[in-house]
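Just so you know, the sequences run in chain order B and F.
Just add 617 to wherever you are in the first sequence, counting from 1, and you've got the working numbering.
Just add 1250 to wherever you are in the second sequence, counting from 1, and you've got the working numbering.
It is worth saying that the hints were derived from the structure and are not from the lab.
What you were told as hints is all true, and nothing was included just to trick you.
Computed from the model, here is a short list of chain B residues facing chain F with C-beta under 7 Å:
#: 1; residue: A703
#: 2; residue: H736
#: 3; residue: W755
Even glycine gets a Cβ: it sits at the ideal position worked out from N, Cα and C.
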Amino acid sequence: MTLRQTLLSVALLAASLPAHAALNSPQRLAQLAQLPDWTGIWQVEGSTATLDPAGPPPYNAAWSAKYRKARADAARLVDSYDRVCAAGVPRLMGSPEYFEAVVTPEETTMVFSQREVRHIYTDGTPHTEADELWPMYWGDSVGHWEGDTLVIDTISILGKEWLDPTAATLSDNAHIIERMRLIDPNHLQDQITVEDPTSLAKPWRFTRTYYRTSQTNMTDTPCNWEIGAATKLAK
Amino acid sequence: MRQTIVPFLALAVVLGGGAHAQTNSAARLAAFAKLPDWTGIWEMGRAGPGQVFQPPKGGKLTGGPGRDLNLPYKPAWEARYEARQKEYAALPDTLTPPDPTITVCSWGFPRMELGPANFEITVTPEETMIVFDPSEIRHIYTDGRPHPTNLTPSPQGHSIGHWEGQTLVADTVGLDPTLWLTASGAQLSPKADITERWSMQDQDHISDQITIVDPIAFTKPLTFTRKFRRVKDTKHQIMQNCFENDREQMKNGYIETIYSDPNQGSSQ
Chain B
618 MTLRQTLLSV ALLAASLPAH AALNSPQRLA QLAQLPDWTG IWQVEGSTAT LDPAGPPPYN
678 AAWSAKYRKA RADAARLVDS YDRVCAAGVP RLMGSPEYFE AVVTPEETTM VFSQREVRHI
738 YTDGTPHTEA DELWPMYWGD SVGHWEGDTL VIDTISILGK EWLDPTAATL SDNAHIIERM
798 RLIDPNHLQD QITVEDPTSL AKPWRFTRTY YRTSQTNMTD TPCNWEIGAA TKLAK
Chain F
1251 MRQTIVPFLA LAVVLGGGAH AQTNSAARLA AFAKLPDWTG IWEMGRAGPG QVFQPPKGGK
1311 LTGGPGRDLN LPYKPAWEAR YEARQKEYAA LPDTLTPPDP TITVCSWGFP RMELGPANFE
1371 ITVTPEETMI VFDPSEIRHI YTDGRPHPTN LTPSPQGHSI GHWEGQTLVA DTVGLDPTLW
1431 LTASGAQLSP KADITERWSM QDQDHISDQI TIVDPIAFTK PLTFTRKFRR VKDTKHQIMQ
1491 NCFENDREQM KNGYIETIYS DPNQGSSQ
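If we strip away everything but chain F, and leave its shape as in the complex, we get:
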């Protein structure tokens, strides 16, 4: 490989001599040469590759992607979560729990990777960028920067990473703890620290081993793996806008859907 790269680096030096040295520098090309090519659109596998969670215990975490994720909650967090489950189970059919994916259009990390959204990955020497089709974007910076000291919590948090061979090791902190980890309302604490190991299994499969360390909410680290397959029927990712055609409104802290057809349910 080294022999095949040298001519391209020499070409870069020649091309890079323009007025503003606009083309990629030899150093940047050399960095690209050590990186994997994960170009493409990826989605959650269904039967097989993506199904790696353990079966649910006692029906916990029901209702949506991630339902079979067993969270090692401390007793106080477990009790709070169970109470929330009872509260939501008692809601009338016209109301649904205030899931942030609806109320503030944010799945956030790591929940976005538990769901059905497809994503496009772009690997550069400076960062690996992951664009999910509901317009949520992760930036995993690999240029050696640290996490900011004064970090404002956000849906994707702040991610830095490094390469171990062709495995991207990412570390994420600064997640907004008000977002939900699952559709059933599980949450993490502000101290959650998530490590990932992204690697390509074969040409059409990529995986992410996720370890959540949360000294406030968990009794022990939680590790699970998500596997994704290449989308082959299109090369163009079509972005969605969650805010469009919004038919939900808040009512007493819950979500009420406004139906245009009164026969479908509650309406104004």
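Chain B with its partners taken away, still in its complex shape:
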């Protein structure tokens, strides 16, 4: 083989290789081997009238009074979900929005049907630094795996946003711990504990279960979406 032929062979080989060899590493595959497969589209079972089907949060005295007044006024107020197209956390976990859950070593991502996203980082990174953290609809979530259970820790939620149509709310100090696992091939379960020293008399514990839907394609529209809306507005 001449030098020219050799160089040509090397060039052809190089051209046949991907631009950047970045296949999943053996380490990442080993991590994936220990993770559950939650592939699918899920939707909550049971009533969505309140976040906890058993009733309102166990408010302390001051917030009980506040809630009674808000509940009485709820019918004439605008539900924050309608106002900003965001259920947020924890309301999403009791909302009728269906969701896709994608589990990777670095995070579990939950994408809901009306364009809300929960990022639950499981890569060992801590919560976002305090000076870069502000109350957000979906809060700031980190997690870790205890066997087949994803333990989620969420802070920095927007407490003022409604938890359900009865106008229940929390404070921005709420701390939410969830334990999420597959209880059979077609059901995910989320055991939710809300601690909020500002609004609650005691930790609020409840469980929601999600069934595997027959849906295969996710939608990508916000809650107010209307086909052709942009054109109508442009007239």
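Position chain F against the provided structure of chain B, taking the given hints into account.
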């Protein structure tokens, strides 16, 4: 690589024997082994990698990301677009064009990739999911499914794809034609069909070659490439809510911003 994967597949078989076979199956792990790892948050490069458009011709497509994208419009579409430009140029300072990114909080595809939003990519055997921080999500299904027959137009359309080595080839149809392709009001027709070739250039750069075929609006296919760089100063993507603190209202088909400070402009 084959030798290093085998022990993990064997491990998967052992771990996968639980009550509900909850862990990833050996077949799914084998599929993961053939896929690239694009984990991370990505953003548009500024000087260099992201700037691949040709210079504008005659000042077309002014005003915002994508302004240097030369669309091969057919004469009727070109005329409509030019008329829209004149209409918008004549607006008073208090009104702005009815950009769907404001009126319905939707950039849609492919405009989202022309702008400054960052995005997170998750590659699985079933799909590649792209989450943009303004809460717009693309699902590129790679499980062999076809496009649905009765597709409702939507901001991201419906995307299916397949892998050619480590290049993701995606095909998107069903885009809502009322959305804008650029900030200056360019649009596509309902027949637009977009092909992409996503590939990683190096550890910190990923690119998307986009080809738009639109037999109704274009005289020929339009191909351009977007390049994105890895975000290195955070691993946590913070989502935005476009509907929050809305200070815009519609007035005669245009957008009027409501200022709380009367010194800043028009107000109610």
